[in-house]
Amino acid sequence: ATNVREQIAYVLKQGPIADCPKRVAVLGCSTGYGLASRIVATFAGGADTIGVSLEREPSEKRSASAGWYNNRAFEIEAEKIGRSPLTLEGDAFSDEMKKDFIERVREKFGQLDLLVYSMAAPVRTDPDTGKTYRSVIKPLGAPVEIKTLDTETGEVFQTTLEPANEEQTAATVAVMGGDDWKRWINQLADAGVLAPGFRTLNYTYIGSELT
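Residue numbers (this note's numbering): 999 to 1209.
Since the hints were derived computationally from the structure, they do not count as laboratory data.
Just to be clear, a hint being listed does not mean it is correct.
[Claimed, not checked] Derived BS3-like pairs (lysine-lysine); straight-line CA-CA distance at most 30 Å: (1) K1020 <-> K1180; (2) K1136 <-> K1097; (3) K1136 <-> K1020; (4) K1011 <-> K1059; (5) K1097 <-> K1129.
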């Protein structure tokens, strides 16, 4: 909750964003760039948002996942300024979630002006085939020597990353390659819930020179 409030405070200091889309969807809304995008849209752009994330709810035996608390904290702060956020918890890769999402959009927004695709899940089940794919972070073609950090000892050491094989490469493309993003847009378009001038964006997986 503190992290969410700190991000909101930073955004408010930057001032409002003119002509920001007012009906915004964020897929992968609970942490990282997705959460930041939702905060900016709401607190700088005056948007109402619908988010999707896969987080663990609290139970009698254990607390919820960090993203679940982020979602609740965001909703509380957004409601304080008169915004009307909605968060769906579930597998954004599934067609069932897409159908539920479309119905909620129709009920709450009518149509969407912007969809932010910020999915960072390592596993995806293809709705058509039922096959589950697991992505890997490996080089292509040849091994790569990199420095890495042991977070327990603080030691920096050299390690070798072996290249992905054909199966691992195909699985990573299936998870991260944009097929699900395309599937979302197609289903939303077919359902008639994309407003004139609708825009969408997807955050790249390509990092800095360091990463």
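(message) Does K1020 sit within 30 Å of K1136, going by the straight-line distance between their CA atoms?
(response) Answer violated: K1136 to K1020 is near 39 Å, above 30 Å.
(message) Between the alpha carbons of K1136 and K1097, is the straight-line distance 30 Å or under?
(response) violated (34 Å)
(request) Take a quick look at whether K1097 and K1129 sit within 30 Å of each other, Cα to Cα. (result) holds (20 Å)
(request) For the pair supplied as a hint, K1011 and K1059, confirm whether the alpha-carbon distance does not exceed 30 Å. (result) violated (40 Å)
(message) Next pair to validate is K1020 with K1180; report whether the Cα-Cα distance is within 30 Å.
(response) The hint holds at about 22 Å.
Figure legend: structure checked against the earlier numbered hints; hints not met, in rising order: 2, 3 and 4.
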